[in-house]
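These are the residues of each chain, in order.
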Amino acid sequence: MSHVTGEGAGAGTAGRPQDEAPSSLLARALDSDIWYSFKRSKVTIVAAAVTALYFASALFAPWIAPHNPSDLASLSLLDSLNPPAWIEGGTTTFVLGTDDQGRDVLSAILYGSRISLAVGFVSVLLAAFLGITLGLVSGYVGGRTDSIIMRIADVQLTFPAILIALLIDGSVRGVLGGINREESAFYVLVASIGLSFWVQYARTVRSSTLVEKNKEYVQAARLIGLHPAIIMARHVLPNVMGPVLVVATINLALAIITEATLSFLGVGIPPTQPSLGTLIRIGNDFLFSGEWWITIFPGIALAILVLAVNLLGDWLRDALNPKLR
Amino acid sequence: MTEALLEVHDLVVEFPTRKGTLTAVDGISFAVHRGEVLGIVGESGAGKSMTGSAIIGLIEPPGHIAGGTVHLAGERIDNLSLDAMRRVRGKKIGVVFQDPLTSLNPLYTIAEQLVETIRTHLPLSERAARDRAIGLLDEVGIPAAARRIDDYPHQFSGGMRQRVVIALALAAEPELVIADEPTTALDVSVQAQIIDVLKRLCAEHGAAVMLITHDMGVIAETADRVAVMYAGRIAEIGPVRDVVKDAKHPYTDGLMGSIPTLTHAEDRLTQIPGSMPRLTAIPPGCAFNPRCPKVFERCRTERPNPQPVSDRQVACWLYDGEAHP
Amino acid sequence: MLAFTIRRLVQSIVVMLVVALIAFVMFRFVGDPVDQMVGLETTLEERAQLREQLGLNDPVPVQFVRFIGKAAQFNFGTSYQFKRPVAELIGDRLPATLELSFVAAAFALIVGIPMGVYTALRRDSWLSKFFLTVSLVGVSLPTFLIGIILIFIFAVNLQILPSFGRGAVVDLGWWSTGLLTASGLKALILPAVTLGLFQMTLIMRLVRSEMLEVLRTDFIKFARARGIKNRAVNFGHALKNTLVPVITITGLQLGSIIAFAIITETVFQWPGMGLLFLQAVQNVDIPIMAAYLLLIAFLFVAINLVVDILYVFVDPRIRIAGAAT
Numbered sequence: 001m002s003h004v005t006g007e008g009a010g011a012g013t014a015g016r017p018q019d020e021a022p023s024s025l026l027a028r029a030l031d032s033d034i035w036y037s038f039k040r041s042k043v044t045i046v047a048a049a050v051t052a053l054y055f056a057s058a059l060f061a062p063w064i065a066p067h068n069p070s071d072l073a074s075l076s077l078l079d080s081l082n083p084p085a086w087i088e089g090g091t092t093t094f095v096l097g098t099d100d101q102g103r104d105v106l107s108a109i110l111y112g113s114r115i116s117l118a119v120g121f122v123s124v125l126l127a128a129f130l131g132i133t134l135g136l137v138s139g140y141v142g143g144r145t146d147s148i149i150m151r152i153a154d155v156q157l158t159f160p161a162i163l164i165a166l167l168i169d170g171s172v173r174g175v176l177g178g179i180n181r182e183e184s185a186f187y188v189l190v191a192s193i194g195l196s197f198w199v200q201y202a203r204t205v206r207s208s209t210l211v212e213k214n215k216e217y218v219q220a221a222r223l224i225g226l227h228p229a230i231i232m233a234r235h236v237l238p239n240v241m242g243p244v245l246v247v248a249t250i251n252l253a254l255a256i257i258t259e260a261t262l263s264f265l266g267v268g269i270p271p272t273q274p275s276l277g278t279l280i281r282i283g284n285d286f287l288f289s290g291e292w293w294i295t296i297f298p299g300i301a302l303a304i305l306v307l308a309v310n311l312l313g314d315w316l317r318d319a320l321n322p323k324l325r
Numbered sequence: 001m002t003e004a005l006l007e008v009h010d011l012v013v014e015f016p017t018r019k020g021t022l023t024a025v026d027g028i029s030f031a032v033h034r035g036e037v038l039g040i041v042g043e044s045g046a047g048k049s050m051t052g053s054a055i056i057g058l059i060e061p062p063g064h065i066a067g068g069t070v071h072l073a074g075e076r077i078d079n080l081s082l083d084a085m086r087r088v089r090g091k092k093i094g095v096v097f098q099d100p101l102t103s104l105n106p107l108y109t110i111a112e113q114l115v116e117t118i119r120t121h122l123p124l125s126e127r128a129a130r131d132r133a134i135g136l137l138d139e140v141g142i143p144a145a146a147r148r149i150d151d152y153p154h155q156f157s158g159g160m161r162q163r164v165v166i167a168l169a170l171a172a173e174p175e176l177v178i179a180d181e182p183t184t185a186l187d188v189s190v191q192a193q194i195i196d197v198l199k200r201l202c203a204e205h206g207a208a209v210m211l212i213t214h215d216m217g218v219i220a221e222t223a224d225r226v227a228v229m230y231a232g233r234i235a236e237i238g239p240v241r242d243v244v245k246d247a248k249h250p251y252t253d254g255l256m257g258s259i260p261t262l263t264h265a266e267d268r269l270t271q272i273p274g275s276m277p278r279l280t281a282i283p284p285g286c287a288f289n290p291r292c293p294k295v296f297e298r299c300r301t302e303r304p305n306p307q308p309v310s311d312r313q314v315a316c317w318l319y320d321g322e323a324h325p
Numbered sequence: 001m002l003a004f005t006i007r008r009l010v011q012s013i014v015v016m017l018v019v020a021l022i023a024f025v026m027f028r029f030v031g032d033p034v035d036q037m038v039g040l041e042t043t044l045e046e047r048a049q050l051r052e053q054l055g056l057n058d059p060v061p062v063q064f065v066r067f068i069g070k071a072a073q074f075n076f077g078t079s080y081q082f083k084r085p086v087a088e089l090i091g092d093r094l095p096a097t098l099e100l101s102f103v104a105a106a107f108a109l110i111v112g113i114p115m116g117v118y119t120a121l122r123r124d125s126w127l128s129k130f131f132l133t134v135s136l137v138g139v140s141l142p143t144f145l146i147g148i149i150l151i152f153i154f155a156v157n158l159q160i161l162p163s164f165g166r167g168a169v170v171d172l173g174w175w176s177t178g179l180l181t182a183s184g185l186k187a188l189i190l191p192a193v194t195l196g197l198f199q200m201t202l203i204m205r206l207v208r209s210e211m212l213e214v215l216r217t218d219f220i221k222f223a224r225a226r227g228i229k230n231r232a233v234n235f236g237h238a239l240k241n242t243l244v245p246v247i248t249i250t251g252l253q254l255g256s257i258i259a260f261a262i263i264t265e266t267v268f269q270w271p272g273m274g275l276l277f278l279q280a281v282q283n284v285d286i287p288i289m290a291a292y293l294l295l296i297a298f299l300f301v302a303i304n305l306v307v308d309i310l311y312v313f314v315d316p317r318i319r320i321a322g323a324a325t
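In order, the protein sequences belong to chains A, B and C. The numbering of the first sequence is my numbering, which starts it at 1 and goes up by one. The numbering of the second sequence is my numbering, which starts it at 1 and goes up by one. The numbering of the third sequence is my numbering, which starts it at 1 and goes up by one.
These are computed hints drawn from the structure, not numbers from a lab. Honestly, I wouldn't trust all of these hints.
Among chain C residues calculated to face chain A with C-beta under 10 Å, some are [as the list claims (entries may be wrong)]: (1) Ile148; (2) Val267; (3) Val312.
Idealized CB from N, CA, C, for every residue including glycine.
One chain only, chain A, in its complex shape:
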């Protein structure tokens, strides 16, 4: 059982002077084992830099993208199906080429990453919120509540998340009956992914909660009559955040993949505001006619993003789990 506090795992830091505790949070973070293991892993540094780059370019896409792909007025069919700049017939105006409507592929990728990251991020938040809440309740309350929640988790875990997401997606659209298809797509997707990934958080949090529950400080809080919700939020929750962070990072990669897959399958983000998955779907039709860049570049962008987040997740898991080192 590893419980991680702000100061890192603590193992192997013998000889650090205890009396001169670093004052600020930043100083403490820089002093920690986690920072040490981060500095030692070049791959992790690169992965973190790449991830940060993606987040930045997603955030600032409207300012750094050379064109605005959703501005229909600026599109011209004369520019359609331009190859990348370094291939004969390409121009530096469209570095990575254009698609059939004359959209700049590079700009589409920048805007697309924005949507992919947004869906991934929000659905991870949703899954984490659901999973943490249910896990805390399950572990803290126990008894019948616990067994019901865990049975549901077991059944859900039998199926791959992508299948669950597809079913939820289909059902929700069935209930909505096709109204506002384009505006609702984002929320439907977030709900589908979020609902299919809560189980891991719930299990992680539950098992940590079961351990924390029996510690003296929780017993003491209970004795002085604190409300269970406050005990859970203030005393149990901070102690389970380490493992949750690991699950969340790995899940971010999974959520991005799931979004891309659903969009590729045609049940995710519609082509009017394409995500990376939608772009790949659109471009796939042109693969055989030789316009490979429309699908391959978004594909590479997606693969690098997922790989970087995965590497970060792997590193975080090892760094927070000294036993694995």
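We have chain A already, so just place chains B and C on it with the hints.
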């Protein structure tokens, strides 16, 4: 005295780590004679098991023998090729490990494990090897051996499994058996039986025994001679009777004080203050000096080597010069 | 053994009932079944009549029981979009999906296990590092992207393998197989590799970590200490113990391979159940979605059961424990 069967000379075992090289065994020398039982005693981490592993050439990497020699029946074995050393293990040196519950492969029957071992080293047919295996099980006291030989390890109790392990160690008639804490993991009630089986069988098969244990009581009842190890070095080595009756090294003396006896019920059990230093922090001079009741100046600066004191070897400055009348 | 099987059977039935409940809720409450079946021109009276006919006015529990009764006879109603019985539609598509899934699983096992063993035994060789790096990249690439890349290389550029369809099939009774014709086998290669690649990396990593774990156990050390040949230790003792958990997880993965076939079938326009299911999700064809969910759940549960029973035969420890309960 007869010719030495096993001769260990100035053996050094090192472990390179991130924080520098650890010396687990620090230049020890001793001999085991044919037919005798040599006890090796010390606290955990004193280097007893590491000595055993070094002799059979099975130190976990990155650990390795960094110096010294090991001779078995006059032949040097510490520098043999991997395959030649494999032929020595089992054939010339049998081994009994601490935990019989984990020493046997759970997916193979006792017969499969015994026959495999016998046929690896002896040119016997399947049939003959099986007969021999049944004979061995009979000898170690497994009731209805012919029937039970086809059972799986988990169908035996701990004590019975350790008998099987002893049968495996003796399967190819080795000249030496290294028993590493053979009774530590067992119930007190069966410990004496196992020690008895081990001693009787080795005597009958003409194998010498190197008995590694932290239990001075077991040594006192079983061994002919004893080597007391402390922090990777031999503190004292000599005939068991004399060492028990009249310990020369202050550490041995402390160990003797910790054995409960029936005859001296009025004496309180004594305890050595402090604990053995970690390998990372061995003090200069005699490793025992911080805990030694008889420490004097020289102990803190110069490291004592074993030297003859009456009928044994003692590594202690108290006896410097005394041996040469 | 019998009690064990019965207990597992009861658990399986409970899971199936839960999934059936979900399928029923989807079927009954997502949209109005009557609206889906009839056109706009149908009168209110006709609708009420159909409602009565379908039993939609009965109490919900009665409807649920009827739903289960019909499902047990493979009666899942009529597809909204194809106006054909769902069972018939799925029956047509089942062979294509199962063939693809089994070939993919076989590929994953046949390539994944040796790679895992190799990377465990030769931890520091450059080939192991290469395998591990490739596997990390493999995990980060979404299945559909792998498919697209393979199509781009082998179908578009090299033009040696087909990019869609099953090739020529042969009918064996109601089962149509592509395994008996050259074009069928050629058509199978890319989809099977795409589908199996992710599982292959998973199996490789699993075999590697399990094997490393097993190689550290006492019984392996004891086998080496008995002089058993390296080959026998690695490929007999270690591999056998490694494969026990691998069997379980691979068996369970077979279920998710079948579910993941949805994506692969879409990329390669493979005429299987997955493609059918995806069309159903896109068109909110609830009867097909519900039936597919039940079918996948059934396959999962059946595979689970078979794996559990297989496990009992592989691991003698469970045979006894199972008999005791």
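So, going through the hints one by one against the coordinates:
Hint status for Ile148 of chain C: holds, given a least beta-carbon distance of 6 Å to chain A, under 10 Å. Satisfaction of the interface hint for Val267 of chain C is found here, the shortest Cβ-Cβ separation to chain A being roughly 8 Å, below the 10 Å cut-off. Below 10 Å, beta-carbon pairs count as interface contacts, and Val312 of chain C has none with chain A, the closest being about 21 Å; its hint is therefore violated.
Hint 3 alone, counting from the list given before, is not met by this structure.
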